[in-house]
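These protein sequence lines are chains A and B, in that order. Per the working numbering, residue 1 is the first one in the first sequence, and the count goes up by one each step. Per the working numbering, residue 124 is the first one in the second sequence, and the count goes up by one each step.
Because the hints were derived from the structure by calculation, they are not lab data. Built from N, CA and C at the ideal position, the CB exists for glycine as well. Each hint should be verified, as a subset may be incorrect.
[Claimed, not checked] Here are the computed distance ranges between Cβ atoms for each label pair:
no.	chain 1	residue 1	chain 2	residue 2	range
1	A	Ala85	B	Pro373	49 to 59 Å
2	B	Arg177	A	Lys69	30 to 40 Å
3	B	Lys204	A	Lys69	25 to 35 Å
4	A	Phe25	B	Gln192	15 to 25 Å
5	B	Lys374	A	Ala85	53 to 63 Å
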Amino acid sequence: MVKLVRVLIVDDTAFMRKLLKNILFSAGFDIAGEAENGKQAVELYKQLKPDVVTMDIVMPEMNGIDALKEIKKIDPNAKVVMCTAVGQEQMVKTAIKLGARGYIVKPFQAAKVVEELKKVAGT
Amino acid sequence: MKALKLRAEIHEKGWREVDVIISDREILFEKNTIPLKEIEDIEIVQIDGKEAIRIKKEVDFYFNFKEKQRSVFRYLAFNLKSDRFAVYFLSPAFRGGVFVNTSKWEKGYLSVTERAIWFLSPTKQLRIPIDAIGSVKGDIRTVGKKERRVLAVTHIDGGEVVVSFVLCPETTLEMLQEYLRKIINLQKPKEKLSEIEEQVLQMVYTGVDSSNIESILGINTDELNAIYDKLISLGLVRVVKVRKEVELTPKGVAIVSELVEKVSRGG
C-alpha cells in the first residue's frame, strides 16, 4: 500500500491554511494537522511527526524562523518548506541556513506547490 | 548593418509574398518605409494560422519573415522606439511561487515601450505587456556574493505568475520602480474589493476550481457567480468555461435503475 505523505500546515491566516489543505489533499497528501503560529507548530510537530511541514514566516507568538529552529532541535531531519512573500529573501536565507529544505513564494500556484513538496518529501 | 534583402509575407486581408529590405534605419517594402525608430512595439502573434511579427507604428503591420523570423524579431527588439536602460536581469526567478534554479543573471537592457517592457540580451528577448505586470517591488538579493537592491517584477507568462529581478544603479532602479508603479496603478480597479472577493481572486490564481472555492469559503454557487460577475466587470478575470448543472430526465432515471439492477444481479 502506498504511504501518503503527511503534511503539517502552519499559517496564521485561516484562509491560507484552507487553501493549502485543499491543494495538498487534492494532490494526494495526507493533512496531518494545522497550526496558526510557531508555538502550536512545534507542539504539533512533537505529537504528529509529519513527513513535511509548510511553514509561514511572519506569524504572531512565535514566527516561522524560531519555530523552524525548535523543530530542528527536536528532529534534525525535519523537512520544512518555508512559505514567504516576495521581499523576504533575507529571512529565507536564514531559514535555509537553519535547515529549511525549500521555500515557496506567495502567491503560489497549486501545481508548483505540489511539485515542490513532492520533491522535498522525496516521492 | 548591411541591408538585408529578404522574401517575406505580409498580412493584409490575407497573406501575400513581398520583398522586404531591412537596413539599420528602416524597413522598406513596396512603396512603404517604416523607420526603425518609429516602431512603437513588436509582438509575436498568430494570424490566419501563421506566426507573424506585429509591428506597431501608427498602424499595425503583420510580417512573416519565414526562416529569418527569429533573427529579424531580435534585431527589431533591440531597435524599438523605447527608453532603454542597461541592466542585469534574472527571468524567470520564480515561476508559480517556486524558485527556478536554471535561470541565470543576464547582462542586457530593460526597454520600455508604450505597451510593454522588454528584457533584452543576445540570447533572450522577453516582452512583458504592461497589462501582464502585476506588481513592482524593491527587494534585497544576493548577487555575486554581494547584497544588492533589485526590482522584483511580478508578471504573467503563459498563464503562470512569474517573478523577474532587475539589477541596475540605484537611481535608475528608483525611477523604474516609480514609473512602473504609476502604469500599474492606472490599471488597478478604482473600486475596492471585499475580503471574500480578494480570496476568490487568489484562489482562481492558485488554480482552485469553482466547487472547491465554494467549499473553502462556505458559499453557494449563486454567491460565487455574483462575485465572479463583479470580478469580470472589473476586468480582473474572464470566463473560460461555463459549468453545466443537470438533473436526470425520466429516460435517464430508467437507465440508472437498469444499471443498479445489473450491478445488484452481479452482471
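Status of the hints after comparison with the structure:
Between alanine 85 of chain A and proline 373 of chain B, the C-beta spacing of about 55 Å keeps the proposed range 49 to 59 Å intact. Separation of arginine 177 of chain B from lysine 69 of chain A is about 54 Å and departs from the stated range, judged on CB atoms against 30 to 40 Å. For the pair lysine 204 of chain B and lysine 69 of chain A, the beta carbons lie near 54 Å from each other, so the given range of 25 to 35 Å is not met. For phenylalanine 25 of chain A and glutamine 192 of chain B, the Cβ-Cβ distance of about 46 Å falls outside the hinted range of 15 to 25 Å, so the restraint is violated.
Taking 53 to 63 Å as the suggested C-beta distance range, the pair lysine 374 of chain B and alanine 85 of chain A conforms, at roughly 54 Å.
Checked against the numbered hints given earlier, this structure breaks hints 2, 3 and 4; the rest are met.
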